[in-house]
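**Q** Dock chain Z against chain L, hints included.
What follows is the residue order along each chain.
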Amino acid sequence: MNAVVVDHLSKQFRSTVALADVSFSVEHAERFGFIGPDGAGKTTLFRILTTLMTPDQGRARVLGRDVVSDLWALRTRIGYMPGRFSLYPDLSVDENLRFFASVFGTTIEREYRQIAPIYSQLEPFRDRRAAALSGGMKQKLALCCALVHRPEILFLDEPTTGVDAVSRREFWDLLDTFKQSGMTILVSTPYMDEANRCDRVALIQGGRLLAIDTPQAIADSFDRPLFAIRASHRYQALKALRDWAHTHSIYPFGETLHYADKRTDLPADQIAADVRAFLSSRGFADAAVEPTRPTVEDTFMARMGAPESVRAA
Amino acid sequence: MTGTPAIVVRDLTRKFGGFTAVDRITFDVNTGEVFGFLGANGAGKTTAIRMLTGLLAPTSGQAAIAGHDIYREAENIKRSIGYMSQRFSLYEDLTVRENIRLYGGIYDLTDQQIRERTSRMLAQLGLEHAADHFVRDIPLGWRQKLAFSVALLHEPKIVFLDEPTSGVDPITRRQFWELIYEAAGRGTTVLVTTHYLDEAEYCDRISIMVAGRIAAIGTPGDLKKEFKAASIDEIFVRLARPTAESEARQ
Chain L
0 MNAVVVDHLS KQFRSTVALA DVSFSVEHAE RFGFIGPDGA GKTTLFRILT TLMTPDQGRA
60 RVLGRDVVSD LWALRTRIGY MPGRFSLYPD LSVDENLRFF ASVFGTTIER EYRQIAPIYS
120 QLEPFRDRRA AALSGGMKQK LALCCALVHR PEILFLDEPT TGVDAVSRRE FWDLLDTFKQ
180 SGMTILVSTP YMDEANRCDR VALIQGGRLL AIDTPQAIAD SFDRPLFAIR ASHRYQALKA
240 LRDWAHTHSI YPFGETLHYA DKRTDLPADQ IAADVRAFLS SRGFADAAVE PTRPTVEDTF
300 MARMGAPESV RAA
Chain Z
0 MTGTPAIVVR DLTRKFGGFT AVDRITFDVN TGEVFGFLGA NGAGKTTAIR MLTGLLAPTS
60 GQAAIAGHDI YREAENIKRS IGYMSQRFSL YEDLTVRENI RLYGGIYDLT DQQIRERTSR
120 MLAQLGLEHA ADHFVRDIPL GWRQKLAFSV ALLHEPKIVF LDEPTSGVDP ITRRQFWELI
180 YEAAGRGTTV LVTTHYLDEA EYCDRISIMV AGRIAAIGTP GDLKKEFKAA SIDEIFVRLA
240 RPTAESEARQ
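Line order of the protein sequences matches chains L and Z.
Residues in the first sequence are numbered from 0 upward in steps of one, following numbering that gives the first Met the number 0.
Residues in the second sequence are numbered from 0 upward in steps of one, following numbering that gives the first Met the number 0.
Please keep in mind that the hints were generated in silico from the structure rather than gathered at the bench.
Any given hint could turn out to be false.
[As the list claims (entries may be wrong)] Restraint-style ranges between C-beta atoms, simulated for each label pair:
| # | chain 1 | residue 1 | chain 2 | residue 2 | range |
| --- | --- | --- | --- | --- | --- |
| 1 | Z | 109 | L | 7 | 48 to 58 Å |
| 2 | Z | 184 | L | 75 | 55 to 65 Å |
| 3 | L | 248 | Z | 104 | 33 to 43 Å |
[Stated by the list, open to error] Cross-link-like lysine-lysine pairs, in silico, DSS-like; alpha carbons within 30 Å at most:
| # | chain 1 | residue 1 | chain 2 | residue 2 |
| --- | --- | --- | --- | --- |
| 4 | Z | 224 | L | 238 |
| 5 | Z | 223 | L | 238 |
| 6 | Z | 156 | Z | 227 |
| 7 | Z | 156 | L | 238 |
[Said to hold, decoys possible] To be clear about the criterion: a stretch of chain L counts as covered by chain Z if any three or more of its residues have a C-beta under 8 Å from a C-beta of chain Z, and this derived list gives those stretches:
| # | stretch |
| --- | --- |
| 8 | 106-118 |
| 9 | 155-166 |
| 10 | 246-253 |
Beta carbons are placed, not taken as given, at the ideal position from N, Cα and C, and that holds for glycine.
So that you can see chain L by itself, here it is in the shape it has in the complex (with noise of 0.2 Å):
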């Protein structure tokens, strides 16, 4: 059985769609990111998941259960962390967390075992207001409330949003520790370069899915060769090539900039030779033009077509 089912699920607020016909499922153990900018509807998709809100259209199964007619039987089952920080700033960590056990009946004590991967790390701290946490430090006291009910099923809304690369890093280690206990765990981020930390992803922007597979299959289905352009004159160099006719798709990635060309007959060394030719004709003699695997970035920027416009009055 899938520990989350989605059928055409569909929200609007006024006369902004936030999902639209949204539909997917989720194994149980399984770790599914949903990856999209700030707006993309993920946020709605998660509160509707957690049964904290209504779809407007569609219907969606979470442990079995409808999350729309089945909500309080549900509830206890769930683990949810979202977006904005909400634990209570005046509260110390321990006062935090034992707080959010007491409303599921349980005690720190009684949970340790769960919690002991977090708990151990936030403990020199138990005695701090919420409030002076740093922002990773946050987070996990986030999640170990979370957690501290022992749910079935966790819902983390863009936990690493707003936190350093080091303490990402720490939080998606963290919860690799969870892998063995069976739990499902459904996590969103803008951040393109986490999808590699999950099972399978689905690509998020405007309400709609852009795609869902495995990081890898993501990456991979980019339809063209790809390449990675390394000049001194970066900037420039990206200018030019953005009014070259045989121009698919330039901009930077990194320390470089990705390349791809509209001509899909040429062999890839063709086409290297000839982007290098024509750089070089425009003054970028030190250019090197390699052959380079595409991202899951890159896939997303492929698919999402032009980003949000503003709609005419």
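**A** Chain Z in isolation, oriented as in the chain L frame:
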């Protein structure tokens, strides 16, 4: 590089009680440079930026922003800089046009200057048709581009960008960086913070703060050679301490 650097910082320090948030940092940012100011949460970036923007007095050390001393000329500094943050920059309950007008007023622009710059800005951003929309009704990516342009409205010499692309889609993020390059090309100095370490590669030079000090500074290329690393991400993870250790500092 020609002329005086836009930002000159010497042994700048800020203590809060017994805690040293910024510990004798020294660096220059050249005019027209895009400078990435990186560091883990709690490393002291925000405190440093608050001093450089004239909002917080240092405990010791020296700094000059666009030639103005941070102790004696804080008001001149505020007029010479623009500031934009992810958390706050525009008033959501005002329209696009009203936001521009408000900031124009704050910076003492004349009515004519405001009119001219408003139409130029709306045309550059392709936002003419949305001029009378509430800011809360336009997508985040556009809001961030508008906020950046508003931060440049009074034509500051230096602009400080605090996580300007947080949560923005990957295409808009790249469009935002083009706005940064264009501003730098016109001679504006840019100091930018980000948690997207691929964006560190887009900077002319970067610094990485660790525990209140600058642990590394240079061009992305030079730093990768120095640390024998494949990416800035790798250097960052190596330098920045695990969270538990930095937490104990707080």
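**Q** Starting from the range 33 to 43 Å, see whether the pair residue 248/L and residue 104/Z falls in it by beta-carbon distance.
**A** 42 Å, holds
**Q** Falls inside 48 to 58 Å, the C-beta gap from residue 109/Z to residue 7/L?
**A** At roughly 56 Å between Cβ atoms, residue 7/L and residue 109/Z fall inside 48 to 58 Å, so the hint holds.
**Q** Can you confirm whether the C-alpha distance between residue 156/Z and residue 227/Z stays at or below 30 Å?
**A** 35 Å, violated
**Q** Residue count check for the stretch 246-253 of chain L against chain Z: does it reach three with CB-CB under 8 Å?
**A** With 4 residues close enough to chain Z, the hint holds.
**Q** Counting residues of the stretch 106-118 of chain L with a beta carbon closer than 8 Å to any beta carbon of chain Z, are there 3 or more?
**A** Per the Cβ count (0), the hint is violated.
**Q** So is the stretch 155-166 of chain L in contact with chain Z by the C-beta rule, three or more residues under 8 Å, or is the coverage claim wrong?
**A** It holds: at least three residues are needed, and the stretch 155-166 of chain L offers 7 whose Cβ sits within less than 8 Å of chain Z.
**Q** Does residue 238/L lie within 30 Å of residue 223/Z when you go C-alpha to C-alpha?
**A** Answer holds: residue 223/Z to residue 238/L is near 26 Å, not above 30 Å.
**Q** Check the hint pairing residue 224/Z with residue 238/L against an upper bound of 30 Å on the C-alpha distance.
**A** OK: residue 224/Z and residue 238/L at ~28 Å, within 30 Å.
**Q** Mind checking the alpha carbons of residue 156/Z and residue 238/L for me, to see if they're no more than 30 Å apart?
**A** 25 Å, holds
**Q** Quick check on a hinted range of 55 to 65 Å for residue 184/Z and residue 75/L, using CB atoms only.
**A** This hint holds: roughly 58 Å between Cβ atoms.
Figure legend: structure checked against the earlier numbered hints; hints not met, in rising order: 6 and 8.
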